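There are 2 protein chains.
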Amino acid sequence: MGKSAQLLVNTHREAGTPVSDAALSNLIGYNLKRSFNGIYIDLAEVLRPFGLRMITFTILTMLRENPGIRLSNLAAAIDMEKPNMVSVIDELASRAWVTRSADPYDKRARQLHLTETGAALQGLAYAEVCAHEESFLQHLDGDERAQLIALLSKIRQGPTKVENFLSDKKRR
Amino acid sequence: MGKSAQLLVNTHREAGTPVSDAALSNLIGYNLKRSFNGIYIDLAEVLRPFGLRMITFTILTMLRENPGIRLSNLAAAIDMEKPNMVSVIDELASRAWVTRSADPYDKRARQLHLTETGAALQGLAYAEVCAHEESFLQHLDGDERAQLIALLSKIRQGPTKVENFLSDKKRR
DNA sequence: TATTGTTATACTCTATAACTATA
DNA sequence: TATAGTTATAGAGTATAACAATA
Numbered sequence: 001m002g003k004s005a006q007l008l009v010n011t012h013r014e015a016g017t018p019v020s021d022a023a024l025s026n027l028i029g030y031n032l033k034r035s036f037n038g039i040y041i042d043l044a045e046v047l048r049p050f051g052l053r054m055i056t057f058t059i060l061t062m063l064r065e066n067p068g069i070r071l072s073n074l075a076a077a078i079d080m081e082k083p084n085m086v087s088v089i090d091e092l093a094s095r096a097w098v099t100r101s102a103d104p105y106d107k108r109a110r111q112l113h114l115t116e117t118g119a120a121l122q123g124l125a126y127a128e129v130c131a132h133e134e135s136f137l138q139h140l141d142g143d144e145r146a147q148l149i150a151l152l153s154k155i156r157q158g159p160t161k162v163e164n165f166l167s168d169k170k171r172r
Numbered sequence: 001m002g003k004s005a006q007l008l009v010n011t012h013r014e015a016g017t018p019v020s021d022a023a024l025s026n027l028i029g030y031n032l033k034r035s036f037n038g039i040y041i042d043l044a045e046v047l048r049p050f051g052l053r054m055i056t057f058t059i060l061t062m063l064r065e066n067p068g069i070r071l072s073n074l075a076a077a078i079d080m081e082k083p084n085m086v087s088v089i090d091e092l093a094s095r096a097w098v099t100r101s102a103d104p105y106d107k108r109a110r111q112l113h114l115t116e117t118g119a120a121l122q123g124l125a126y127a128e129v130c131a132h133e134e135s136f137l138q139h140l141d142g143d144e145r146a147q148l149i150a151l152l153s154k155i156r157q158g159p160t161k162v163e164n165f166l167s168d169k170k171r172r
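Protein chains in written order, with my numbering: chain A, 1 to 172; chain B, 1 to 172.
Please note that a few of the clues may not be correct.
Claimed, not checked - Examples of chain B residues lying across from chain A (beta carbon under 10 angstroms, computed):
#: 1; residue: S35
#: 2; residue: M54
#: 3; residue: R145
None of these hints come from the bench; they were simulated from the model.
Because the structure is a prediction, the values reported are computed rather than measured.
Even glycine gets a Cβ: it sits at the ideal position worked out from N, Cα and C.
Turn these sequences into a full structure, and let the hints steer you where they fit.
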């Protein structure tokens, strides 16, 4: 192969050269990651003034809805490992937003509750997060937003285990 | 407040008690995170036999499509910080899947290329990733998959900066 | 035996500051 | 001055093994 013009184009890439991601952009995994990162960076900034991260906001919201829930149930509900939940609850408890109290039916377990301060904070943060979603999704109409949520929860509840995939392969 | 029956229900939560995430499940951010985590765990398992992770697979695929691209252009294209890209390219180069060669037009820059081995690996891995997506999305029909990709890329390209949101708030 | 909460630990991912050599 | 690649480093996020108390 000689020194063709095409070779020069391929090898000389200036800063402004357009970059293609066509092969990746039809993969759901790639699109999910990119979209999630976009909203995640934004959400982190929205929550920072409250002293919250996405995980702590999620937990406060879950506790409002499920008062007295056990740590392991909460961890399972949001697909988190128990040891990681422990340190996050430590953080929330040290700020007096969450309490651990004894479970009268099981001495191993602890009931998790929001404090009044924690509930108030959750309310304020939740309103801001909703407002941010409105802004973030302003270029989607109502139907599109509903479709997106419906499709994402369909994915969430669908076959998410690679074992299905691998056993599918065996079956072929 | 006395010891009502409702209090007992709230405080006695056994292992099987259903947990509600209603307040979170209409937030796009929450759904994106949960959906992404689901497919991400699967993808990691699909890529492991190739010695690849999601980020290394993404880079090999980008290099196939953009041979000779500079490290900083590649990093910008997939929203990655340059220092993190350097260590990943180090890893790919040490496995002889990627080369760094001199850029004749700019002595600071390095051109990134797939090796033959790297290109072959990318081809095999890409086929497996596509097959896995088929399996992962088997309960979505063709229209739904197309809609999902369209909506996700609309999000990606939309207003993703919190500055928009904050300036929106000021404007009110 | 199994489960709850916990400690310790490690690995990946992500982000920032600062350096060098070039432009 | 600014940019390309790099080094060092630190903080999140995530995952596993193992333990004491209890079921």
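Now the hints, each set against the structure:
Nearest Cβ of chain A to the Cβ of B:S35: about 5 angstroms, under the 10 angstroms cut. The hint holds. Contact between B:M54 and chain A, as hinted, is supported at the beta carbon level, the nearest pair being about 7 angstroms apart and thus within 10 angstroms. Because the closest C-beta pair between B:R145 and chain A is about 7 angstroms apart, less than 10 angstroms, the hint holds.
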